[in-house]
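Chemist: Given the coordinates of chain A, assemble chain H onto it according to the supplied hints.
Protein sequence lines correspond, in order, to chains A and H.
Per my numbering, the first sequence starts with residue 1, numbered consecutively.
Per my numbering, the second sequence starts with residue 369, numbered consecutively.
Calculated directly from the structure, the hints in this document are not laboratory data.
Covered by chain H, according to a simulated footprint, are these stretches of chain A (three or more residues, beta-carbon under 8 Å):
| # | segment |
| --- | --- |
| 1 | 8-16 |
| 2 | 36-44 |
| 3 | 62-76 |
| 4 | 90-104 |
| 5 | 123-135 |
| 6 | 209-223 |
| 7 | 247-258 |
Backbone N, C-alpha and C define an ideal beta-carbon position, used for all residues, glycine too.
Now for the letters of each chain:
Number of protein chains: 2
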Amino acid sequence: MTVDTTPDIESALRHVKSAVRELSAYTLRNHEPRVKLNQNESPYDVPAELKVALWASLAARTWSRYPPFVASDFIGAVAEATSWPEAGILVGNGSNELIQALLAIVVERGRTVVIPEPTFTLYRLLTGVGGGTVESVALEEDLKFDVDGIIAAARRTAASIVVLCTPNNPTGSALSREEIEVLHDGTEALIVLDQAYVEFGGYDAIPLLVDRPRVVILRTFSKAMGMAGLRAGYLLGHPDLVREISKAKLPYNINFVTESIAAEVLRNRGLLQPQIDRIRAERERLFERMAGIEGIRVFASAGNFLLFRVEHPGVDHRVVFRRLVEEHGVLVRDVSDYPMLERCLRVSAGAPEENDAFVAGLVAVLSR
Amino acid sequence: MTVDTTPDIESALRHVKSAVRELSAYTLRNHEPRVKLNQNESPYDVPAELKVALWASLAARTWSRYPPFVASDFIGAVAEATSWPEAGILVGNGSNELIQALLAIVVERGRTVVIPEPTFTLYRLLTGVGGGTVESVALEEDLKFDVDGIIAAARRTAASIVVLCTPNNPTGSALSREEIEVLHDGTEALIVLDQAYVEFGGYDAIPLLVDRPRVVILRTFSKAMGMAGLRAGYLLGHPDLVREISKAKLPYNINFVTESIAAEVLRNRGLLQPQIDRIRAERERLFERMAGIEGIRVFASAGNFLLFRVEHPGVDHRVVFRRLVEEHGVLVRDVSDYPMLERCLRVSAGAPEENDAFVAGLVAVLSR
Numbered sequence: 001m002t003v004d005t006t007p008d009i010e011s012a013l014r015h016v017k018s019a020v021r022e023l024s025a026y027t028l029r030n031h032e033p034r035v036k037l038n039q040n041e042s043p044y045d046v047p048a049e050l051k052v053a054l055w056a057s058l059a060a061r062t063w064s065r066y067p068p069f070v071a072s073d074f075i076g077a078v079a080e081a082t083s084w085p086e087a088g089i090l091v092g093n094g095s096n097e098l099i100q101a102l103l104a105i106v107v108e109r110g111r112t113v114v115i116p117e118p119t120f121t122l123y124r125l126l127t128g129v130g131g132g133t134v135e136s137v138a139l140e141e142d143l144k145f146d147v148d149g150i151i152a153a154a155r156r157t158a159a160s161i162v163v164l165c166t167p168n169n170p171t172g173s174a175l176s177r178e179e180i181e182v183l184h185d186g187t188e189a190l191i192v193l194d195q196a197y198v199e200f201g202g203y204d205a206i207p208l209l210v211d212r213p214r215v216v217i218l219r220t221f222s223k224a225m226g227m228a229g230l231r232a233g234y235l236l237g238h239p240d241l242v243r244e245i246s247k248a249k250l251p252y253n254i255n256f257v258t259e260s261i262a263a264e265v266l267r268n269r270g271l272l273q274p275q276i277d278r279i280r281a282e283r284e285r286l287f288e289r290m291a292g293i294e295g296i297r298v299f300a301s302a303g304n305f306l307l308f309r310v311e312h313p314g315v316d317h318r319v320v321f322r323r324l325v326e327e328h329g330v331l332v333r334d335v336s337d338y339p340m341l342e343r344c345l346r347v348s349a350g351a352p353e354e355n356d357a358f359v360a361g362l363v364a365v366l367s368r
Numbered sequence: 369m370t371v372d373t374t375p376d377i378e379s380a381l382r383h384v385k386s387a388v389r390e391l392s393a394y395t396l397r398n399h400e401p402r403v404k405l406n407q408n409e410s411p412y413d414v415p416a417e418l419k420v421a422l423w424a425s426l427a428a429r430t431w432s433r434y435p436p437f438v439a440s441d442f443i444g445a446v447a448e449a450t451s452w453p454e455a456g457i458l459v460g461n462g463s464n465e466l467i468q469a470l471l472a473i474v475v476e477r478g479r480t481v482v483i484p485e486p487t488f489t490l491y492r493l494l495t496g497v498g499g500g501t502v503e504s505v506a507l508e509e510d511l512k513f514d515v516d517g518i519i520a521a522a523r524r525t526a527a528s529i530v531v532l533c534t535p536n537n538p539t540g541s542a543l544s545r546e547e548i549e550v551l552h553d554g555t556e557a558l559i560v561l562d563q564a565y566v567e568f569g570g571y572d573a574i575p576l577l578v579d580r581p582r583v584v585i586l587r588t589f590s591k592a593m594g595m596a597g598l599r600a601g602y603l604l605g606h607p608d609l610v611r612e613i614s615k616a617k618l619p620y621n622i623n624f625v626t627e628s629i630a631a632e633v634l635r636n637r638g639l640l641q642p643q644i645d646r647i648r649a650e651r652e653r654l655f656e657r658m659a660g661i662e663g664i665r666v667f668a669s670a671g672n673f674l675l676f677r678v679e680h681p682g683v684d685h686r687v688v689f690r691r692l693v694e695e696h697g698v699l700v701r702d703v704s705d706y707p708m709l710e711r712c713l714r715v716s717a718g719a720p721e722e723n724d725a726f727v728a729g730l731v732a733v734l735s736r
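Excised from the complex, chain A in its bound form:
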């Protein structure tokens, strides 16, 4: 069957919100490199013995039956791991789905979301889909958060939400406990803390939930937990607020595979700590090595990745990106189209041999 281009597609498109039509979709080019350091994934797979144990329970399950209405096994494991009550927990297919639900219950025309930028682009995209207004606050020159500027913007716009990615992707900047408290107390907005990378550094904000019902925390299994392929994440907040967010979350959103595996991995999270420690150590080792390479500037990071700027005169960052992948098989992320990040690339901290391959490639590319 072919699509007829004759009919008046405009008769369908005119129903799409104008704010949506103006948006670009979230896209990413596919590459299949030898060394993949472009998505801040864990280089360590789920242990084989855990996979086998999981399979035994999954094969025995009837796949034609819906998952439980409440993913209580997963939620129970989160409650145990975070010491936060089950009624204040939502689980989703990655934390993206939970950011989406949160924005859906708040954002509409006339509402403002304050977003320090550069940061993860999904917050801006989903605010736009909801018809809300993004108030962008630039990071400071050294890519740290401009706490005073964020507070001023939230007050000036009577913002509904302030989204803080901490540690921040793609810069690695992180907020301290004191900074988050000042941000909270200085505004009246919901303070959404996307802590996708917190296992690698930065302040873990869970204690702030106890007496600050405007704080919401998002966590993912895609980074430190080593399960990007499985899509799992969770949200922590005051139970009364979580009840409202749950209205925009779809029933049966989590399939039984994700639920079982996420719960089991959380219960066995002690096994993952050595991997996390190794990745943190690799990030530090990578930082030291990159700091010694002439022609680039590397930024300190609390995540499992490093941002760097190609400052070598006469070397185009796009050439560095392309030669790394074509000549050395190392794929990094070109983030130079983010605000403030001209000539910048981002590299994930991988396994030691992957990081060595990256450094060797970078040195070679810059030296000729």
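Modeler: Chain H alone, transformed into the frame defined by chain A:
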């Protein structure tokens, strides 16, 4: 950690849209009965040999890596099965996720969605979350669609969307090709056809897509495909419209397990046809048997379920529901709180022995 009830939770809740606060969440009580006929699931599990083959490919995969940016294996299998181009296909975690994305790009304050009711309640819930207005059109007395009434409502309200669940859950009513064409041509709205049950009956609307860019079709793997536990669905529409809908769909929404399994099951869909035929035959057998039971009225259905009203004088439908599950281990769905469906229950067509257990239980409950 306990939740402090002292802090001013209202400071957080005041940011939630008032339309959302007024909504009730989608809920369902959990039961674990011997015979489960409450969710229109397939009684037939995915064949064991298919499970084993799937596991081999999943175990070999690195779970810590993101799924592909575009679920091309899954989308390719849908394109092959439907003869619809890949650019006009979106895949999601169940069709619910795709309805959500579609409503998100259209619905805002001031927009109207026409919904014939009673029907699946999620359309109303998500329209409310988006701040839109639901224009409800009652089914006719015999629970058929009121085509003229739907057209009149869409015109009167200059509706953006008409959502048609065909075959309709929970009534089993279905629209003919001619009725859908009349509905389309008589309105200017997007015509969304949720065809979750179409493998069991009713007109398969895919041919209408070719020269009607306002038509969007949703399909699920949760019913005839026997994969409710895995959450998979797809959307078909004009590529230009699909591009807009994709802006509200999250990146990496489908995990690699769902993608692999859904694609493989689609490619092996011939294996499922005997199961589907058996379920259709069981629905007919069940209808005949129920039509012979005094005190109930059963409605003809194009789905894998039957709606029936308890008309026996002096017998409360809630007592029938409760005694079926407590005394006979048979769980059906109480749909009596839907508009027009007072005293009504819905039973899924299960395996022959499950349906026999249901009929025997129903006869016993009504006879004393």
